[in-house]
Amino acid sequence: MERHTDRLIYLDNAATTVRKPEAVGKAVWEAISGGRMGNPERGAVGDALEASRTVFRARQAVSRLFGGPGPEQVAFTANSTEALNMAIQGLLEPGSHVITTVMEHNSVLRPLHRMEDEGVRLTVLPLNPGNGRQIQAADFEQAIRTDTEMIVCTHGANLTGDLTDIEAVGKICRRHGLLFVLDASQTAGVFDIDMEKMGIDAVCFTGHKSLYGPQGTGGLCVRRGLKIRPLLEGGTGIRTYDRRQPEHMPAALEAGTLNGHGIAGLLAALEWRQEIGNEAIREREMKLARMFYEGVKGLPGVRLLGNFEGEQRAPIVALNLYDYDSGQTAEELYERFGIQTRSGGHCAPLYHKALGTEKQGAVRFSFSYFNSEEETEAAVESLRILSGEG
Amino acid sequence: MRMREPSVLFSFHTTAEAMAMDESCRRDGLPGRLIPIPSFVSAGCGFGWKAPEKDRELLTAYMREKGLSFEKEGIYLL
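Sequence lines, in order, name chains A and B.
Residue numbers for the first sequence follow the numbering used here, beginning at 315 and rising by one.
Residue numbers for the second sequence follow the numbering used here, beginning at 29 and rising by one.
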């Protein structure tokens, strides 16, 4: 089958946002072509110093975004997965108990299973059938045991966009003296995250999705005083003669040369965001997702996944059409209508099992600030046609 | 080599501390600049804030007021 249209509509923004603010590309270009991006934090002269200043401003911007304790508590990584591995493997000890949910991405689940093999005890909360199949803060509290040390969960599920009430979970963590590690891959910059107010110990984020930065950027913002065992050890530019990785943040979690060019782009994305405002970005994205949802919810054969009753949700609509395999539906959407979505398992194995879509997968439509009403309507229309064809 | 002069030098635990000093002092017009730190002073972050000796008290008061952290400070021929 050949694609019937030259127009391509990108609705896989939960995987990565392809359209970025102009300033982001410009900043990466200038960082590379300008000949001034030395090795950040590896020298106190000229270009190395300029690079360090750029990285420092990016640390400040990330800390501000998450209500963090300060720029020195922000460590950059290549993505959320790396950050989550650092937090999970660097904080848990054999014998301790950790609580998570079926809604998690493999970037949370796999490191947890690895730690499980090393003696960590794991509780995975199921969907709550009494609350629109969502997991409530009270569900976390009920799972706490005497040996519980951490709750790690997603803020916005990458499959459905359903949100966790992280403020309530944070309060529970504080009340019980637990660590709270948050996966903000889908929500950073869109929904308010305030580490201090919400009792979050570590926020793990990626730069290339909702933050509209370059791929290969991400990191974690860590509460002051929290010691995370480094996953990697190596060059830091500081304390050269110490045998092991320095304990001070951010060097403790940054071995090797940073992605300075990418971080320059991330900084530009964060500055753009500050100019536009989280609220305006959120409203725009949610408006498009809601418009799509309203357009497809009543179509014959469409089965929506997730809870659409609440006002607040990440701009994601996941669905299936009749009994078609999600890959088949996604291919049809692309080949006939130029609509780019994501099918399959979305790295969320337990969530699919819980929703009964393990075999079929799901077709995920996810929206960005840069999508238009016209594109959204075209996606609705394409599903209307496919639905009508049965 | 040029003649070395008595200077106050602040060393830092991490580069982030050094960059906070750099940004704050540049913004507020405080004297000094970041330099590669001599190894006889510290094997810390590799950055030191160097300023004329006469500005020592001004800088320490400023750093205290702004909550800027450092590893150690001293007077050296730099």
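Everything labelled a hint here was simulated from the structure, so no lab data went into it.
Keep in mind that the hints are not guaranteed to be accurate.
Said to hold, decoys possible - Dumping the calculated DSSO-like pairs for lysine-lysine here, alpha-carbon to alpha-carbon at most 27 Å:
1) 511(A) <-> 611(A)
2) 100(B) <-> 82(B)
3) 541(A) <-> 82(B)
4) 511(A) <-> 485(A)
5) 100(B) <-> 541(A)
6) 611(A) <-> 541(A)
7) 100(B) <-> 511(A)
8) 611(A) <-> 601(A)
9) 82(B) <-> 94(B)
- prompt: Which hints from the list above does the structure break, by number from lowest to highest?
  reply: Violated hints: 1, 3, 6 and 7; rest satisfied.
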